[in-house]
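*Asks:* Chains A and B, in that order, are what the protein sequence lines are.
Per this note's numbering: the first sequence = residues 995 to 1073.
Per this note's numbering: the second sequence = residues -17 to 398.
Think of the hints as simulated: they come from the structure by calculation, not from any bench.
One or more of the hints may lead you astray.
[What the hints assert, rightly or not] In silico BS3-like cross-links for lysine-lysine, where the CA-CA straight-line distance does not exceed 25 Å: (1) K1059/A with K235/B; (2) K246/B with K339/B; (3) K300/B with K1059/A; (4) K1060/A with K273/B; (5) K1060/A with K270/B; (6) K300/B with K229/B; (7) K263/B with K246/B; (8) K347/B with K209/B; (9) K263/B with K66/B.
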Amino acid sequence: MAHLRFHIRFPEEGIRQPIIYQIGREYNVVTDVRRADVRDTTGWADVEFTGDTAEIERALEGLRKKGCSVDPIELNVVE
Amino acid sequence: MSKMKALVCRECGKEYPTKAIHVCEMCFGPLEVKYNYDEIKQAISRKKIEDGPDSMWRYLDLLPVEGTNFVGPHAGFTPLVRAKNLGAYLGIDELYIKNDTVNHPTLSFKDRVVAVALTRARELGFETVACASTGNLANSVSAHAASANLHCYVFIPGDLEAAKVLGNLIYKPHVVEVEGNYDDVNRLCSEIAGEHGWAFVNINIRPYYAEGSKTLAFETVEQLGWKTPDQVVIPMASGSLLTKIWKGLHEMKYVGLIDDVRTKINGAQAEGCSPISTAFKAGRDFFKPVKPKTIAKSLAIGNPADGYYALKATAESKGSMDMVTDEEVVEGIQLLAQTEGIFAETAGGVTIGVLKKLVKQGIIKKNEVTVAYITGNGLKTQEAVIDAVGRPTRIQPSLVAFEKNFKLGKNGGGDS
Ligand SMILES: Cc1ncc(COP(=O)(O)O)c(C=O)c1O
Ligand SMILES: [Zn+2]
């Protein structure tokens, strides 16, 4: 069981959709939102995913398919 | 009691022990070092600092390490150059260049942050250090690790230029070239940092690492005769340097070294990677990530970890931000070299370009004491200026040929 943390940005057209909830239903992962900021045209959430590593990978791919960007919780670490 | 009180979450304020951790378990916000300022105030004084070593370690009382077994004992205390020629050119009475092109040992301000990070890593018992980098950071970690006999892993993207790879290989760290683009390397390194018991300087050691940048503020104030400048211009990649200069200025006030902070903080980016400056100009308190496309590679961070905090610090100081084109970066490098004899890398070109813009717009005024932070050496990014510097005058090996090209006056003056 892995616990991995990501910073997820929602696409403008996805702001009013329950994307994190959908991902939790479509994949066998537990999602835990710790911090988020959702406004009219932008939004992000810091989320922990718990589950099998390969299943988390698939869930992230699912998020990307919905137009989200997924980064490590630290954002860019290559300096 | 120790001078370090705790690591504290920048978002929710929860405190943690001063170990190798960087993310708040409650809210996933970033951690930073909190100090016992009252205690430090008793221990520190201008005199004690002035009698200290000729390095950034003269500010040991405000740095997040416990002992004095330093990695990188010579980092910092670089010259603050009174830039009369450049000041006259731009129309500022009192301009200074904080010249970190000559930082020891790898010629960029990263020697400050890395010296702190590795000193702390060793104190915490680590024997292996690591970083992910496309340039200055990797050079500095590799060099410091070699001198401190630490095992070292450097992760680089597969498409990095040969000259940059060599700058690391010479120190013989393990250089791991990751197939894939920037995002792939980025993702991998974050995961490795989470899994292995290594000191990743800018990931799990980041709370300590970042503190090293404060010494640029401390030294500037001391070198100005214990006065804060009116304006500073700072290049931004992750935005950490800018944030920490602001923090450092305030710490000097907390511990009684200065009475007040009246400095306006100005951030500089290249147009091809300006998420922070763009947000500032649009009046937003958040930035939108970008895909970098600029010759200022050392500032090419599209999704900056401290972008939000840099926006906040700049706003609090009533400062400003701006960005310049790649042509302006090259012009900035040339201008600094030709007026002050200082050859900066592209980040320096960004700083000078933005300085010029801010003066032109009247944001920085003629009578304001201004400091421009020049953070890396031009010898590292020669490819950026190769087409702009012209060619030597070529002559036949005869006096006649020489005199035909150069008419010298009696004292050797004259021109070609
Ligand atoms: C030469 C130089 N200047 C400035 C910076 C900006 O640093 P920061 O990421 O703290 O904003 C960097 C960072 O990589 C750099 O290499
Ligand atoms: Zn927190």
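*Asks:* Under the criterion that the straight-line Cα-Cα distance not exceed 25 Å, is the pair K263/B, K246/B satisfied?
*Replies:* OK: K263/B and K246/B at ~16 Å, within 25 Å.
*Asks:* Does K66/B sit within 25 Å of K263/B, going by the straight-line distance between their CA atoms?
*Replies:* violated (30 Å)
*Asks:* Holds or violated: K347/B with K209/B, Cα cutoff 25 Å?
*Replies:* holds (18 Å)
*Asks:* Verify the proposed pairing of K246/B with K339/B, using a straight-line Cα cut of 25 Å.
*Replies:* It holds: about 16 Å lies between the C-alpha atoms, which stays within 25 Å.
*Asks:* Could you grab the alpha-carbon distance between K1060/A and K273/B and see if it respects the 25 Å cut-off?
*Replies:* holds (20 Å)
*Asks:* Do the alpha carbons of K1059/A and K235/B lie within 25 Å of each other, as the hint requires?
*Replies:* Violated. K1059/A to K235/B sits at ~50 Å, over the 25 Å cutoff.
*Asks:* Does the alpha-carbon distance linking K300/B and K1059/A stay inside the 25 Å limit?
*Replies:* This hinted pair is violated, its Cα atoms lying about 41 Å apart.
*Asks:* Are the Cα atoms of K1060/A and K270/B separated by 25 Å or less?
*Replies:* holds (18 Å)
*Asks:* Run the distance test for K300/B versus K229/B: straight-line Cα separation, threshold 25 Å.
*Replies:* holds (15 Å)
Of the hints listed earlier, those the structure fails to meet are numbers 1, 3 and 9, in rising order.
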